[in-house]
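Undergrad: Construct all of the structure, not just a fragment, from the sequences and the given hints.
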Amino acid sequence: MTIDTLTPHPAAQRTRDARRSWWSDVRLVLVRELRPVVREPFSVVFGLVQPLVFLALFGPLLVGSVGSGLPAADVWLWFVPSVLVMTTLFGTSTTGSNLQDEMSAGSHERMLVTPLSRSSQIVGRSLKEIVPLVAQALLVVLVMLPFGLRPDPVGVVVGLALLAVLGVGLGAFSYALAIAVRSQEWMFWAVQQTVLFPLMILSGLLLPLETGPRWMQVASTVNPLRWVVDAERALFAGDLTATAVLWGFLAAGATAAVGLVVGVQAILRSTD
Amino acid sequence: MIRTRGLTKDFVVSRTQTVHAVRGVDLDVAPGELVAVLGPNGAGKTTTMRMLTTLVRPTAGTATVAGVDVLADPAAVRCRIGYVGQGNGAGRFQHVVDELVVHGRIHGLSARTARARADELLDALDLAGLAHRKVESLSGGQRRRVDVALGLVHGPGLLFLDEPSTGLDPHTRANLWAHVRRLRAEHDMTIVLTTHYLDEADTVAERVVVVDHGRIIADDTADALKRELAGDRLVLAAARASQAPALAELVGRLPGAREVDLDGVHVTARVADAPGAAAQVVQAAATTGVDVTEVRTERPTLDDVFLALTGRSLREPATTTDDEAAAAAGQDAA
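These protein sequences, in sequence, are chains A and B.
Taken in order, the first sequence gives residues 1 to 272; the numbers are from the working numbering.
Taken in order, the second sequence gives residues 1001 to 1334; the numbers are from the working numbering.
Hints were generated in silico from the structure; no laboratory data involved.
Idealized CB from N, CA, C, for every residue including glycine.
Here are some chain B residues the structure puts well away from chain A; computed CB gaps all over 12 Å:
1) Asp1026
2) Gly1264
3) Ala1272
4) Val1292
Chain A side only, calculated, beta carbon under 7 Å to chain B, not exhaustive:
5) Arg32
6) Ala105
7) Gly106
8) Arg110
9) Leu112
10) Val113
11) Pro115
12) Leu116
13) Thr271
Which stretches of chain B does chain A cover? Using the computed rule of at least three CB atoms under 8 Å from a CB of chain A, they are:
14) 1044 to 1055
15) 1069 to 1083
16) 1102 to 1111
TA: If you want it as structure tokens, here you go:
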């Protein structure tokens, strides 16, 4: 042991009051959050199980029902974007449970006693969601190519960007929820599950809303996910200039903006 | 280093219930001191520490920590302090060295300096062989040392330790305190710790602040508190029960004797100097024909101090802890 060699580091003394830029704080949080994901990408691969199961089991049902008479490639262009949005929804809406884990263990509290700005801790965490969701989406697209999926390449790239924006928003909402219900952890899953399925069904992810009752069609108009799903389908089909794409980005952008504001407010109020 | 005046924290649990966790605490800690805040669960010691470390906003009062007002500039306070909370500060999926480097970077060190500092601390806390281990794979004692390393990574002049040894076995506790004492001796750090381990407050701290129901009820060195508030305990036994009342009378005549109690052949009392008092009583008993068969003296503990102050033992659980109240109110640190 070398206790005698330990000295208060001059650099530490000098920079004690150093305030980095807010973006530097975000970057530090982002890199810290990404490190375990990059080191052990198994969680990303494991997250592919659900979308692949849907594609394998639900896809053929679609071909036989709504897609009857259509070539398989067209059905995949309709359904694969759906699965990508669903993967984003499931992956990012549950990420607050990681924060719950850190709140229980104490590492979140430790971060709150550092010079990191509170807002950067939510923004950095939310931005981290982009990496696993884009990686998973790319893998799903690649896996589906041998089965006849032929998306527009530019549309896929823009579609992934759209998913990233949506994922940041949903992740921020999930963190906000985790903080809001921190004294009753079970509430996290109760709220998440309660919100998740109506959002999913009212987005037209699994079945077209056009065949549903009028009230569902009306309700879906206030569901940002519905606009993102429509945009993804247009992008995969190569219709990059469709109005649906614009609405999709507006919906995802609004989700991200509101999610981040709510998330930052949650972390700021948590120490009042 | 720390100055609080009227520091207060109320947790609103419901419309009809407010928990007064901390009630107007005035506390001064000078640079270089090692102060233990001692109290039963629910006394308000953790809430006080959370206010001083900016984790919780005070309801009223003022607090200056390392020269900075915690309400006016909490971010500057966080730059100047080290903190080891009750939980594990390192993320469980992170590698030990990565956490140390990240925390160094958070405190403004360059990547290279942060790495060098991490290596220093790993050596100092006997963690060098664990640098690339995932935190969740460490034992409780190893995680605690990582937590201490995280608290020291930026060389703070003031370190807060919130029940740092809770849950550790006696050997690991002793080992942790050996590390902390050596590091403090090296750097003349000011340390404020909370604990409910009496022996820890007694042996580690130079000054003990006793807290109960959100208020400071005593503040001095452990020896002074024991001497002034508790006193030594004297236990004597008469040969026969019939002689015990006479023995109790002799004990009662001792200067400063209090809490004289008679139980069968046994007589107990609190006195300032038990060995001297025992000699006096035995001598007096011999001249009055009382046979004394047992003489025992006991040094007081901090629990005796708390008993003398409150009429309760420190080991008695409180009805509601401040943390429980905070959690119930949804106002604990997120």
